[in-house]
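Residue numbers (numbering that gives the first Met the number 0), protein chains in the order written: chain A, 0 to 275; chain B, 0 to 159.
Please keep in mind that the hints were generated in silico from the structure rather than gathered at the bench. Hints may contain errors.
[What the hints assert, rightly or not] To spell it out: a stretch of chain A is covered by chain B in this simulated footprint if at least three of its residues, at any positions, have a beta carbon under 8 Å from a beta carbon of chain B; those stretches are: (1) 29-35; (2) 111-122.
[Stated by the list, open to error] Restricting the straight-line Cα-Cα distance to at most 20 Å, the calculated cross-link-like pairs of lysine to any residue (SDA-like) are: (3) A:40 to B:25; (4) B:112 to A:111; (5) B:112 to A:110; (6) A:40 to B:18; (7) A:40 to B:29; (8) A:40 to B:125; (9) A:186 to B:126; (10) A:40 to B:15; (11) A:186 to B:125; (12) A:186 to B:156; (13) A:186 to A:249; (14) A:40 to A:186; (15) B:112 to A:5; (16) A:40 to B:19; (17) A:186 to B:128; (18) B:112 to A:109; (19) A:40 to B:23; (20) A:40 to B:124.
Glycine is no exception: its CB is placed at the ideal position from the N, C-alpha and C atoms.
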Amino acid sequence: MIACCVGLMIADSQFNLFSSARVYLNSIVSPIQYVADAPQKIFSSFSENIMTRQALVDRNQQLEKDNLHLKADRLLLGQLQSENKQLRQLLNSERKFKYKRMITEVMSLRSDPFTHQLLIDKGALNGVYLGQPVINEQGVVGQVSQVGSTTSRVVLIVDATHGIPVRVQRNDVIAVVHGSGAWDQLKVPFVQSNADIKEGDLLVTSGLGGRFPAGYPVAKISRFDYQEGELYATVTATPVADLDRSRYLLLLWNDDPLADADLTLDSPEEFDAPVE
Amino acid sequence: MPLLNSYRVIYLTFFVCLVADIFPLPIIFNAFRPNWMILVIFYWIIALPHRVNIGHAFILGLILDLLLGSTLGTHGLLFSLLAYLTSINFQRFRNFTLVQTTLLLGLFIFIAKLGLYWIASSMQEIILHRPYFWSIFTSMLIWPWFFLFMRYLRVRYKVS
Numbered sequence: 000m001i002a003c004c005v006g007l008m009i010a011d012s013q014f015n016l017f018s019s020a021r022v023y024l025n026s027i028v029s030p031i032q033y034v035a036d037a038p039q040k041i042f043s044s045f046s047e048n049i050m051t052r053q054a055l056v057d058r059n060q061q062l063e064k065d066n067l068h069l070k071a072d073r074l075l076l077g078q079l080q081s082e083n084k085q086l087r088q089l090l091n092s093e094r095k096f097k098y099k100r101m102i103t104e105v106m107s108l109r110s111d112p113f114t115h116q117l118l119i120d121k122g123a124l125n126g127v128y129l130g131q132p133v134i135n136e137q138g139v140v141g142q143v144s145q146v147g148s149t150t151s152r153v154v155l156i157v158d159a160t161h162g163i164p165v166r167v168q169r170n171d172v173i174a175v176v177h178g179s180g181a182w183d184q185l186k187v188p189f190v191q192s193n194a195d196i197k198e199g200d201l202l203v204t205s206g207l208g209g210r211f212p213a214g215y216p217v218a219k220i221s222r223f224d225y226q227e228g229e230l231y232a233t234v235t236a237t238p239v240a241d242l243d244r245s246r247y248l249l250l251l252w253n254d255d256p257l258a259d260a261d262l263t264l265d266s267p268e269e270f271d272a273p274v275e
Numbered sequence: 000m001p002l003l004n005s006y007r008v009i010y011l012t013f014f015v016c017l018v019a020d021i022f023p024l025p026i027i028f029n030a031f032r033p034n035w036m037i038l039v040i041f042y043w044i045i046a047l048p049h050r051v052n053i054g055h056a057f058i059l060g061l062i063l064d065l066l067l068g069s070t071l072g073t074h075g076l077l078f079s080l081l082a083y084l085t086s087i088n089f090q091r092f093r094n095f096t097l098v099q100t101t102l103l104l105g106l107f108i109f110i111a112k113l114g115l116y117w118i119a120s121s122m123q124e125i126i127l128h129r130p131y132f133w134s135i136f137t138s139m140l141i142w143p144w145f146f147l148f149m150r151y152l153r154v155r156y157k158v159s
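In isolation and in its complexed conformation, chain B is listed as follows (with noise of 0.2 Å):
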């Protein structure tokens, strides 16, 4: 039962970022927004690389798009490649302190952007609204915190 179970915590999870991601903001606070689906990838690929890997970020990226109505596979794409980055690098990551991670996220999702903003703007014409980058320092802001509840979580829970 301890694998169901943990899936079940690492799916619940998932499922509750998908929603903070949609949720809806008034349209001030709409661009400062943390990529919640980035995050929590992030963390469980550091934390259980042997329960998440790159297919649920695949999935969950498909379903992202499927939600925000952009093109099937962009965030696929980018989720899978940032995964990947994440999973063959994960023992060095969980050696880093948080402020190091902090930094680090950062850069995935500044990665993560500029690459969605790429992918879109080579299928049709589009403007780059500047607070568009403004929502990496939330999630780097929100990053430490999260990353103590889900620590929290996963003990709690025995997700192994």
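Isolated chain A (complex conformation) (with noise of 0.2 Å):
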């Protein structure tokens, strides 16, 4: 028995043997997993059903006041949106900004203490898959690491297994953010001592993984400080996401950025001849 559950451990964890057989394995414990997950739910909807109609009337108006103001944005983001594209045709290189996404309910069950983890109730039935983005309104929270047929798990961006390509919003320096198995705690090994970074930059996806789409606020520097003589510096950020409190979240749809690009390479001399 004791060397059944070696054999079964050293499999998992270092050969993967199992990625293909969790599906159905997870498939099989799911019910389980949605039957302690039902009375948070049924909590859930039934304090929704007896909010108070003054309630319900101020969060309708609050709801239209910041729709008008997205509404009033998106007018704006649409003109930059093709003209953002008309630049970037002039410079021939096409990038994409719309995916497929789909909402997620976060079914708050506890995980293995030493990782950390989110389970969610969509899975291969929805067209989840293996290290899928998971975003929510605010920033990236994870990727996909376990699907089921109805629920997957997401790791999330603080969890110690966990990179993530990024660049600094204000320059593009690059640089990999990895989880430092603290809920609000990011670290950034390999920055330069001399690295134009500073405290309150914001590191955004820089989509060279190719799992992430680029572009989405990942965390902020929180520290940056480097010792006479060492070759890196210590830098730390937090997360801009809500990692422990977001009920709702995202899944996006990456379709791989080189699978429609165009990669021939074009003659420098056709962009410098000479205007007529």
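Make one complex out of these two single chains by using the hints.
Okay, structure coming up:
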């Protein structure tokens, strides 16, 4: 029995033998997860149902106002988008900004105490795939690490095994952000001690790994320090998304950016030709 | 039919304890969650060692691994080890007083937690939070009531 267990552990952790079987195994246990999540769901829907009329009216007004502001912003956004597209066409570098997405709800169940994971209520039946990026309205949350048929697990960016390629929004310095294992801290290793990074800089996804689409906010630099003579600076960051209290998340379908990119090299003479 | 009946009750308690083990709690209370699975396996092996064996503990451990998303087999290994230790000594443990079993259970859970930490740390980089071991004490607090309740269940439904 012990040999069997040790064999299982090694097979799972080192060789990932069960990545395909896990879909079925996770589907087998998902009824238990739904049962455990049910009381919370019933309670929250109950508390939504017993709001007073005044509260509803207030909330509706607030939402109307927000909607107005967002729509006004969107007017400008459409204009900027088309302008950006034109400029990019001039540069011959197209970039996609529209991704298929889906709202998912967090099933707030207990997870392994040594990892930072969330369970979500969408699975392979909804088209969720391994390594899929997950965001909320504030920024990047994590990526899908295990898929079942109706549930999946999301490993958060603060997990010690997670890394994500980013760039500094201010000046496009690139770096990699690693999870630290604490809820509100990220590490940014291998940053040159003379790099132009300040506290408060926003880190956004660079899209270099091919998993996360470029441009979503990830974290803010909280500390930047270096010892005289050290090669690398100690940099820590805090995630911009409230990882421990988000109830709804967005799944993104990130088509491989290289799939439809035009990889043929244009001869530079074409652009440098003098304008008549 | 009594065999089927007793297994029905046993599996029902297993199911309830699995649900209790992953039931959503506020983060503050999460560390104090008793280890329901260890409690229930410990109880049934002491009470009915011919019904619940190491195989049960192993399967339940695997299910718990899947539910928690940890590496497959970590809980399976520890649960079957504890089940083995309990089942070779069940006659001695049966004659223990409630205080003695409580202390013994605390020791078992401590071993299990230490083992989990050790296995996890050998596979990946992890941070040990101090509240991690507090659940030992809540489990020990719960145990006497749990034991009496389970004994009531066992007598009431004639599980044997």
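The hints, checked one at a time:
Counting residues of the region 29-35 of chain A whose beta carbon lies closer than 8 Å to any beta carbon of chain B gives 4, which reaches the threshold of three, so the coverage claim holds. Residues of the region 111-122 of chain A lying with their CB closer than 8 Å to a CB of chain B number 6, which satisfies the three-residue condition for coverage. Restraint check: the Cα-Cα separation between residue 40 of chain A and residue 25 of chain B comes to about 14 Å, which is no more than 20 Å; the hinted pair holds. Proximity of residue 112 of chain B to residue 111 of chain A is assessed by CA-CA distance (about 12 Å); at most 20 Å being required, the pair is judged to hold.
Distance restraint check for residue 112 of chain B and residue 110 of chain A: the Cα-Cα separation of roughly 15 Å lies within the 20 Å cut-off, and the hinted pair is therefore satisfied. Proximity of residue 40 of chain A to residue 18 of chain B is assessed by CA-CA distance (about 15 Å); at most 20 Å being required, the pair is judged to hold. Note on residue 40 of chain A and residue 29 of chain B: the hinted pairing holds, with a Cα-Cα distance of about 18 Å set against a maximum of 20 Å. Of the pairs offered as hints, the one joining residue 40 of chain A and residue 125 of chain B is violated, with about 32 Å between alpha carbons and a cut-off of 20 Å exceeded.
Under the criterion of a C-alpha separation no larger than 20 Å, the hint pairing residue 186 of chain A with residue 126 of chain B is consistent with the structure, at around 14 Å. Using a Cα cut-off of 20 Å, the hinted pair residue 40 of chain A and residue 15 of chain B holds, with the two alpha carbons roughly 18 Å apart. With a CA separation close to 14 Å, the supplied pair residue 186 of chain A and residue 125 of chain B stays within the 20 Å bound. Straight-line distance between C-alpha atoms of residue 186 of chain A and residue 156 of chain B comes to about 56 Å, which puts the hinted pair past the 20 Å bound.
The straight-line distance between the Cα atoms of residue 186 of chain A and residue 249 of chain A is roughly 24 Å, outside the 20 Å bound, and the hint therefore fails. Distance hint between residue 40 of chain A and residue 186 of chain A is unfulfilled; the C-alpha atoms sit about 35 Å from each other, more than 20 Å. Restraint check for residue 112 of chain B and residue 5 of chain A: satisfied, since their Cα atoms lie roughly 17 Å apart, inside the 20 Å limit. Distance check on the hinted pair: residue 40 of chain A and residue 19 of chain B sit about 16 Å apart at the alpha-carbon level, within 20 Å; holds.
The hinted pair formed by residue 186 of chain A and residue 128 of chain B meets the criterion: a straight-line CA distance of about 18 Å does not exceed 20 Å. Annotation: proposed proximity of residue 112 of chain B to residue 109 of chain A holds, straight-line Cα distance about 16 Å (limit 20 Å). The hinted pair formed by residue 40 of chain A and residue 23 of chain B meets the criterion: a straight-line CA distance of about 11 Å does not exceed 20 Å. Annotation: proposed proximity of residue 40 of chain A to residue 124 of chain B is violated, straight-line Cα distance about 34 Å (limit 20 Å).
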